[in-house]
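Chemist: Sequences listed follow chains A and B, in order.
Just add 21 to wherever you are in the first sequence, counting from 1, and you've got our numbering.
Just add 42 to wherever you are in the second sequence, counting from 1, and you've got our numbering.
Please note that the accuracy of each hint is not assured.
What the hints assert, rightly or not - Below, in silico cross-link-like pairs of lysine-lysine (BS3-like), each with a Cα-Cα straight-line distance of 30 Å or less: (1) 193/A with 113/A; (2) 72/A with 390/B; (3) 161/B with 232/B; (4) 390/B with 68/A; (5) 268/A with 193/A; (6) 242/B with 161/B; (7) 242/B with 232/B; (8) 193/A with 156/A; (9) 541/B with 72/A.
In short, the hints are calculated from the structure, not lab data.
Each chain is listed here by its residues.
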Amino acid sequence: MKNQFQLHPEIASTVALDVDLLYFFVVAISVFFMALICVLIFVFAMKYRRKTEDQQAESQSHGNLLLEIVWSAIPLVLMLIMFVWGVYLFFKVYQIPNGAMEYYVVGKQWMWHIQHPTGQREINEMHVPINTPVKLTMASEDVIHSFYVPAFRVKNDVIPGRYTSLTFEATKPGEYHLFCAEYCGTEHSLMIGSVYAMEQEDYQNWLGGGLVDESPEEAGARLFSQLNCITCHSDQAGARGPSLNGKFGTEEVLKSGERILIDEAYIRESIVNPRIRLVAGYPAIMPTYQGQITETNIFNLISYIKSLPSTEGAQ
Amino acid sequence: MSTVVKKGAPEHRMPLHHFLNATYTVKSWFLTMDHKRVGLLYLFSIGFFFLIGGTFASLIRLELATPEADLMEADQYNVAFSMHGIVMIFFFLIPSIPAVFGNFIMPLMIGAKDVAFPKLNLTSWYLFIFGGSFGVLTTLLGGVDTGWTFYTPFSSTYSNTNVLLAGMAAFIAGFSSILTGLNFMVTIHKMRAPGITWFKMPLFVWGMYATSLIMVLGTPVIAITLGLMMVERGFGIGIFDPALGGDPVLFQHLFWFYSHPAVYIMILPGMGVISEVIAAFSRKRIFGYDFIAMSSVSIAVLGFFVWGHHLFVSGQSIYAGMVFSFITMLVAVPSAVKVFSWMATMHKGSVSYDAPMLYALGFIGLFSVGGLTGVFLAIMGLDIHMHDTYFVVAHFHYVMVGGAVTAFMAAIHFWWPKMTGRMYPEGWSRFAAFLIFAGFNLTFFPQFIVGYLGMPRRYHVYPEEWQLLNVMSSAGATILAAAFIVPLIYMIWSLKNGKIAGPNPWRATGLEWILSSPPPEHNFPSTPIVREEPYDYGEVIDNPVHKEEDEKV
Numbered sequence: 022m023k024n025q026f027q028l029h030p031e032i033a034s035t036v037a038l039d040v041d042l043l044y045f046f047v048v049a050i051s052v053f054f055m056a057l058i059c060v061l062i063f064v065f066a067m068k069y070r071r072k073t074e075d076q077q078a079e080s081q082s083h084g085n086l087l088l089e090i091v092w093s094a095i096p097l098v099l100m101l102i103m104f105v106w107g108v109y110l111f112f113k114v115y116q117i118p119n120g121a122m123e124y125y126v127v128g129k130q131w132m133w134h135i136q137h138p139t140g141q142r143e144i145n146e147m148h149v150p151i152n153t154p155v156k157l158t159m160a161s162e163d164v165i166h167s168f169y170v171p172a173f174r175v176k177n178d179v180i181p182g183r184y185t186s187l188t189f190e191a192t193k194p195g196e197y198h199l200f201c202a203e204y205c206g207t208e209h210s211l212m213i214g215s216v217y218a219m220e221q222e223d224y225q226n227w228l229g230g231g232l233v234d235e236s237p238e239e240a241g242a243r244l245f246s247q248l249n250c251i252t253c254h255s256d257q258a259g260a261r262g263p264s265l266n267g268k269f270g271t272e273e274v275l276k277s278g279e280r281i282l283i284d285e286a287y288i289r290e291s292i293v294n295p296r297i298r299l300v301a302g303y304p305a306i307m308p309t310y311q312g313q314i315t316e317t318n319i320f321n322l323i324s325y326i327k328s329l330p331s332t333e334g335a336q
Numbered sequence: 043m044s045t046v047v048k049k050g051a052p053e054h055r056m057p058l059h060h061f062l063n064a065t066y067t068v069k070s071w072f073l074t075m076d077h078k079r080v081g082l083l084y085l086f087s088i089g090f091f092f093l094i095g096g097t098f099a100s101l102i103r104l105e106l107a108t109p110e111a112d113l114m115e116a117d118q119y120n121v122a123f124s125m126h127g128i129v130m131i132f133f134f135l136i137p138s139i140p141a142v143f144g145n146f147i148m149p150l151m152i153g154a155k156d157v158a159f160p161k162l163n164l165t166s167w168y169l170f171i172f173g174g175s176f177g178v179l180t181t182l183l184g185g186v187d188t189g190w191t192f193y194t195p196f197s198s199t200y201s202n203t204n205v206l207l208a209g210m211a212a213f214i215a216g217f218s219s220i221l222t223g224l225n226f227m228v229t230i231h232k233m234r235a236p237g238i239t240w241f242k243m244p245l246f247v248w249g250m251y252a253t254s255l256i257m258v259l260g261t262p263v264i265a266i267t268l269g270l271m272m273v274e275r276g277f278g279i280g281i282f283d284p285a286l287g288g289d290p291v292l293f294q295h296l297f298w299f300y301s302h303p304a305v306y307i308m309i310l311p312g313m314g315v316i317s318e319v320i321a322a323f324s325r326k327r328i329f330g331y332d333f334i335a336m337s338s339v340s341i342a343v344l345g346f347f348v349w350g351h352h353l354f355v356s357g358q359s360i361y362a363g364m365v366f367s368f369i370t371m372l373v374a375v376p377s378a379v380k381v382f383s384w385m386a387t388m389h390k391g392s393v394s395y396d397a398p399m400l401y402a403l404g405f406i407g408l409f410s411v412g413g414l415t416g417v418f419l420a421i422m423g424l425d426i427h428m429h430d431t432y433f434v435v436a437h438f439h440y441v442m443v444g445g446a447v448t449a450f451m452a453a454i455h456f457w458w459p460k461m462t463g464r465m466y467p468e469g470w471s472r473f474a475a476f477l478i479f480a481g482f483n484l485t486f487f488p489q490f491i492v493g494y495l496g497m498p499r500r501y502h503v504y505p506e507e508w509q510l511l512n513v514m515s516s517a518g519a520t521i522l523a524a525a526f527i528v529p530l531i532y533m534i535w536s537l538k539n540g541k542i543a544g545p546n547p548w549r550a551t552g553l554e555w556i557l558s559s560p561p562p563e564h565n566f567p568s569t570p571i572v573r574e575e576p577y578d579y580g581e582v583i584d585n586p587v588h589k590e591e592d593e594k595v
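With the rest of the complex left out, here is chain B (with noise of 0.2 Å):
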């Protein structure tokens, strides 16, 4: 489908000047000021943590193949599930979608030059850059045992890991993480174009505020909580271990109260980015905006107040613990108004099936499974008994890969011509799409059944009789390690060979597609005012050629 060059049109050709081409300095990217740039020097970090951590899951889910110990001792097993946690959630799903399209696509969005503060936005990467270095130093030197939550007291006293070293890869990065939620809140409330009011911003920006709320106000949090966990480990000052007189379950109070908003840093920029693409992609006005917006906020406020549902069996009151149940289950009434929303959209539309639209199927599905599975946890009874189990590896693991990371692909096959100026093979892409899909399908649903049987977490061996459903998962896993390695492949391919896109390959609404691909160094010559509203399919929008001064040579 991405032959959209209506038959008879002139051959699209690369615009002349464009933000790639401008300068090719070293110096210049690394001390460039321009968001786009800055969302490059994003996709290639999280690009290596991604494969880090897909690294030590890939031993975790062969070491899983078999019931005993085999591949690993117990130590280094451990040392591999807390790296996964800890890289794949601090340094590739937190900053993801955020920091490489919220960057580099968002500012385009609103008609903007660029984002609000253009030096912070370049701190923010040298201050992820600066706590992923802690994180790729702590796995030189042995990696960390504690699993990405920290719980005290075996943190902070009975760990013999590189436990501050970890924790200070979490706390820089977390001003990285502040630092670009700050920038992007005020870009939103004062860099709009004209005519773009709060109800006509593309959802996707909707999703990036409501994630900047919750990465302004929730990070301070965990930076304070691993900050006094090193402070009890480092000079032994009681905080959280009782024998200096501290209480265990307090961390965990803390740690939550970020750590929950947290799984909506990662899922609300994905949720942002389905709304776009579905609507995109069924050439149709997106059902129920109002409410798509508003469940964005309300998920992010209500995400605030669910952390006790960690709690059901840490000693918690039963009370608090109906409160943050009852809560809980209320995020479930937003979600599904996005998921009933999205369908909506699709009705009597205009369906077509590329790369981006497969990967936003996917995650409506994936998601629902993550979200519903979400439910049975947040019930009281049920969780006593799959609390800890793999249960809760599968439901969060949907969440986040199925959810998270199916978005970041959806996200990247629609920005790709954008960013690139250049088409990816369409066969390849769209085989990836089901690969992915049918891969981590296998790999995580055994583990539902495997974690309502009794399975723990975090076990490094397990009795026999679970050896089946593991080697689905394990086998799984395989197959979806193989299958991310797919769109690496075409996705660089692509940027020299890949046909070219034109300024608007999918025929999209959007300030972003008006622009030349790759977009000019300064975006819009002129501050684009915008009289549609969000969305407007009514009418059949072309794939221009690149302007006229462009082609003359």
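The following block holds chain A by itself, in its conformation from the complex (with noise of 0.2 Å):
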């Protein structure tokens, strides 16, 4: 794949050829007005050219309505053409699927922390299985950097304090540039990776030679009672915090009367600033968390949180 003179990057995941596609069709219009142009200034070069000193223009017309409100309509029709098209594309590219697999993606000057489902952890590679979607979640411990897979043809910034996501879903085993494409200081240039996309039998395969000393659920866990958390997000009555079983993806009421979807968004939130969004009928005493606890630890304690079950119907 390396050392070899491209014209055009690889086609690897399933957005890459719709991606193309515009691409194209965009190249092939801005190579027509190109030509045109061209062809133009040459032909009016040659047969208008002045030929004695006091040469006159043959014409002095300074206006046709009709020719310029029609080479005003045409750029316009095309430009609606592609707006919509990319619209359509854009919408398509993060369209995260049911079921994708998550990831959890961590920059920090100069390098990538990627966290498998399945607890394994990487640094600037990325094993993927092909034909599966994926999702990461992706967080920074520092400035902004942006997660840029060229072949599969997606890239989404990483940005400190909140959280951002990317889908892909890989077609084609192999070997994949990754790179850091928003400039993140000294080393931005070697916050580069690979991801790997592999057969789903290899990938089980790879993962199996991964050693994994504990799942995201059981490091959330440990964090979660070493934190003290479980002092006051428990079921007992009258614990000072909502307890947090089974709330994962359902809605809350908020203090302000509002509703919220709990996701990882709204935990992290609730980690970092837990007054900026209180739950209804709880006091204003959780102290924050910021700076204390790594991003990394956040993803763990959210994938706990997500594994706790409902106790609603047990009691």
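Bring the two chains, given one by one in their own frames, into a single complex with the hints.
Modeler: Below is the structure:
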């Protein structure tokens, strides 16, 4: 794959061909207009060349309303087509399919931490099975980074203080470039790695070879008691914080009366900035964990909270 | 073709009195109230910054000739591309055509004695120099490594370089821009000679007006944004850094609210120049005057509502993205209108190929490539892949170098005889125009390809399979750098040895060509009254000799 001159990047994901089709459509339009412009310039340059010093223009025509309307309308129509097509493609690229494998990605100066759904961790390398949708939930420990895999035609910024996500489905086994596309300081150009797309079977073998000391849920459970979250967030009557059992993916009523979906972003916010959106009926006593917990550990806590079964029926 | 002196016509002589020989003291230059001298002060200053910016560009291309890091350390490379951007954008491109030719030529075109506020005009230059010295100081102290975009929280918290100094440099230079814009707007509103109605103004003046609008409305926002960034860095007050409770993407919104319109500050004056040049060298009325004038204004206005196209993959709402994508693509319409109108102006004209026209034709081609590739990036689905790659680098260099710098070259070749009274050598000027065109394309066209292949911007080292394209680019940059030296040499040579131009060497219409070359200190002896339409090429225009009283010694 490497060392060889290319004019076009590899097509290795479900959306890559869609992106290329639109790209070639716009290239074709551009080439047509550039050819038109160049040919006209050359023709006019030859045909209307000034031959004598005093030669005047053949005509002083300085406008033609119909012509001007036509050449405003043609680009407008073409733009509309490209706009609609582009929006459609954008939705397609960012549409997160149900049942996607969830990876966690943390960007930090200057490396990528990748965590598999099953707990395997990698640095600057990412193994994914082909023909399986993958969803990345991404966070940054420091500055803005951007997760970019050209062969998949996907990219999204990784921004400190919030989660962003990205989804793709690899279609062709191989090793592909992973880049940081947002300038992030000294070793920005070394914040690179490889995505290995593998046949399902190879992926399972690879997983089996990787040592997992503890799964994300286990790590989260350990943190949950280490950080004393459990003191308040319990099922006991009169607990000082809301129970978290079975809450992921459900809605909760806030103090403001607003309803909110409990997702990764809300859990993360409630850990680093608990007082922004309080659940109704509980006092604002939770301290902030900003700066005291790494993004990876927040991911582990989220995995643990996700895994908690609902206990409502049991009581 | 510069042999426009009619056979048998008397030889041209330099006018006896003009603004250059009115006084010779240093003080008369540094305290000048003459818009023409202020224009020249700007010309020297931006020329100086162009050399600095160009040096950084050469370093970048030298380093990228190989995939490994050999010439520079990573930090040095990051400084090189950051300083290249900051110097070229804030200290060359933004002032370039407005500050030099807007100052020198625009008042002449509308028959004014000067700009509306001559003292303010000089103040602008001093502010520019003050800001510029911060820029030079930044460079001397080791530069800054944030990129010209100063993205937070990298700039406000993480960078260890002279961010405050560089921020101040751009901050101060911004005030120069605001004052110049204000000055031009008042000048254009109040000082047009009788008969020059809004729709009889030369299109360069329309370009200046649209540009001034952006300078006045947009620049305060970048000043505030950089101010907030510096406050966060200096005092730890959380605005953009999430660790301090801020929002890093807010910076990007504020930054691009100015910096996208700033691209139009760079290109609109250029489009104005091209309209003048195409009409003059086709000896034909400009085609679609109203459409061209209005397209400048609509580009300026639309330009304020497109900033979000820099944030399609920054977690911006998809629906906001759709609005920005749509408005961005609308900008293509007035741009296309201009290109078509210029070509229609050549149709059935009497077209000659002096250097200014060669640059103008180059501009049409290069700007069209820059504009069309901008459409790729405005398309949401394509931008995901292309954002922050070399495709973007190639695109904006086609607009800024292929467009703005080429237009600057057209302008300086067009008005040089007016400014200095002398012609530059014809052959050399055409040779340089071709060389610049070739070098430019060889430098930047391969970057479209390597960008679509996925090479990210601001990479100091890169995968080796992309070396060939990068070597082409570096080779082109070498040609380009050499090509820019050629005009520098013959322009200086022409000051003493160039043929005397006479008032109107191109036999063009417009009030600036009525005056002697160089123009008298106070421009017009009496306010001209204009009856003709602009670009009235219906009859033969001559290059008269300077008036009798000047020739009597």
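Chemist: With a cut-off of 30 Å on the C-alpha distance, tell me whether residue 390/B and residue 68/A pass.
Modeler: With a Cα-Cα distance of about 8 Å, the restraint between residue 390/B and residue 68/A holds, given a limit of 30 Å.
Chemist: Can the restraint linking residue 161/B and residue 232/B be considered satisfied, given a maximum Cα separation of 30 Å?
Modeler: Distance ~17 Å between residue 161/B and residue 232/B Cα, so the pair holds.
Chemist: Could you grab the alpha-carbon distance between residue 242/B and residue 161/B and see if it respects the 30 Å cut-off?
Modeler: Holds: residue 242/B and residue 161/B sit about 28 Å apart, inside 30 Å.
Chemist: Quick one, are residue 268/A and residue 193/A close enough, alpha carbons at most 30 Å?
Modeler: violated (38 Å)
Chemist: Keeping to a limit of 30 Å between CA atoms, is the pair of residue 72/A and residue 390/B held or broken?
Modeler: With a Cα-Cα distance of about 13 Å, the restraint between residue 72/A and residue 390/B holds, given a limit of 30 Å.
Chemist: Holds or violated: residue 193/A with residue 156/A, Cα cutoff 30 Å?
Modeler: holds (17 Å)
Chemist: Sort out whether residue 113/A lies within 30 Å of residue 193/A, counting only the CA atoms.
Modeler: holds (19 Å)
Chemist: When you check the alpha-carbon spacing of residue 242/B and residue 232/B, does it fall within 30 Å?
Modeler: At roughly 15 Å apart (the allowed maximum being 30 Å), residue 232/B and residue 242/B satisfy the hint.
Chemist: So if I understand the rule, the pair passes when the alpha-carbon distance is 30 Å or less; does residue 541/B with residue 72/A pass?
Modeler: holds (22 Å)
Checked against the numbered hints above, the structure violates only hint 5.
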